[in-house]
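Counting with numbering that gives the first Met the number 0, you get residues 0 to 190 for the letters of the sequence shown.
Think of the hints as simulated: they come from the structure by calculation, not from any bench.
Any given hint could turn out to be false.
[Claimed, not checked] Across the chosen pairs, the derived CB separations fall in these ranges: (1) R39 to S130: 35 to 41 angstroms; (2) G61 to R104: 29 to 35 angstroms; (3) L59 to R39: 18 to 24 angstroms; (4) L59 to R92: 29 to 35 angstroms; (5) R21 to P186: 29 to 35 angstroms; (6) K22 to A147: 38 to 44 angstroms; (7) Q135 to S42: 33 to 39 angstroms; (8) Q33 to D137: 24 to 30 angstroms; (9) A147 to P41: 31 to 37 angstroms; (10) A2 to G61: 14 to 20 angstroms; (11) S134 to E95: 39 to 45 angstroms; (12) P41 to F20: 39 to 45 angstroms; (13) E51 to G161: 19 to 25 angstroms.
[Stated by the list, open to error] Taking lysine-lysine and the DSS-like style, the derived pairs with C-alpha atoms no more than 30 angstroms apart in a straight line are: (14) K168 to K22; (15) K7 to K168; (16) K22 to K7; (17) K168 to K3; (18) K3 to K22.
Every residue gets a Cβ at the ideal spot worked out from N, C-alpha and C, and that includes glycine.
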Amino acid sequence: MIAKCLDKSWSAHFARAGLAFRKPTVRFYDEPEQRVCGVRWPSGASAFYCTERGTLVFLLTGDWIEGRTDLYPLKVAAHEYAHHVQSLTGIRRHYEARIRADHARQAELGRRYELQADCLSGVFIGSVWGSLSRSQDDWAAVVEATRATGDDDDRRSHGTGGNRAYWLKRGFTAVSPAACDTWRAAPSRVS
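Full structure from sequences and hints, please.
Here's what the structure looks like:
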């Protein structure tokens with residue numbers, strides 16, 4: 000159901016922008032497989048996007064589904080779907096070219112890419128929030144769950160909790176992909 004809603008929402012954004020849209024394939028697993036989409040299952044991943052195959056992959060167990068808030072799976076699905084949007088629009092291709100050209104900034108560029116996906120997930124959630132009959136407290140719980148998944152002390156791949164929450168809220172409030180230009184954001188907003 001979430002995937003169909005994401006398809007409908009993003010196909011409308013693409014139509015307004017005059018861009019071709021293609022739905023991703025969606026796969027669900029009860030436990031991590033050795034290999035998915037031709038690659039090893041990423042360590043610790045509960046969901047991810049296979050760029051080469053245009054496939055969203057979700058693990059149907061674990062803390063991301065069972066803990067935090069009942070709306071957190073919506074946020075995770077929207078984030079992974081945002082990677083599909085980045086792929087279709089050429090952002091992924093541009094990101095990969097920049098990494099090849101500037102290895103020294105690889106971690107920063109990766110965070111810009113991931114934080115943009117957080118913002119785009121906020122765009123989607125903001126566009127459907129009114130239809131969910133949920134409260135501001137529910138939204139605050141989604142923001143706090145997102146903040147809790149920041150990598151403040153970790154390998155720094157997705158951004159600090161504060162920045163993840165900032166970009167999610169920015170997309171939610173603007174309800175426009177134009178608000179998600181992490182590529183021009185100050186370094187402090189993509190740490």
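Hints versus structure:
1. Between R39 and S130 the CB atoms are about 38 angstroms apart, so this pair conforms to the stated range of 35 to 41 angstroms.
2. In this structure the supplied range 29 to 35 angstroms holds for G61 paired with R104, their Cβ-Cβ distance being about 32 angstroms.
3. In this structure, L59 and R39 meet the distance hint of 18 to 24 angstroms, their C-beta atoms being roughly 19 angstroms apart.
4. The hinted range of 29 to 35 angstroms is satisfied by L59 and R92, whose Cβ atoms lie roughly 31 angstroms apart.
5. Between R21 and P186 the C-beta distance comes to about 34 angstroms, which sits within the given range of 29 to 35 angstroms.
6. With their beta carbons about 31 angstroms apart, K22 and A147 fall outside the hinted range of 38 to 44 angstroms.
7. Remark: the range hint 33 to 39 angstroms for Q135 to S42 is upheld by a beta-carbon distance near 36 angstroms.
8. Range check, Q33 to D137: Cβ separation about 37 angstroms, and the 24 to 30 angstroms hint is violated.
9. As the Cβ distance of A147 to P41 is approximately 19 angstroms, the hint placing it in 31 to 37 angstroms is violated.
10. Judged by the Cβ atoms, the range 14 to 20 angstroms given for A2 and G61 holds: they are separated by roughly 19 angstroms.
11. For the pair S134 and E95, the beta carbons lie near 40 angstroms from each other, so the given range of 39 to 45 angstroms is met.
12. Checked against the given bound of 39 to 45 angstroms, the beta carbons of P41 and F20, roughly 26 angstroms apart, lie outside it.
13. Between E51 and G161 the C-beta distance comes to about 32 angstroms, which lies outside the given range of 19 to 25 angstroms.
14. Between K168 and K22, the direct Cα distance comes to roughly 25 angstroms. Compliance with the 30 angstroms bound is thereby established for this hinted pair.
15. The hinted pair formed by K7 and K168 meets the criterion: a straight-line CA distance of about 21 angstroms does not exceed 30 angstroms.
16. Only pairs whose Cα atoms come within 30 angstroms are accepted, and K22 paired with K7 is accepted, the gap being roughly 9 angstroms.
17. Distance check on the hinted pair: K168 and K3 sit about 23 angstroms apart at the alpha-carbon level, within 30 angstroms; holds.
18. Note on K3 and K22: the hinted pairing holds, with a Cα-Cα distance of about 9 angstroms set against a maximum of 30 angstroms.
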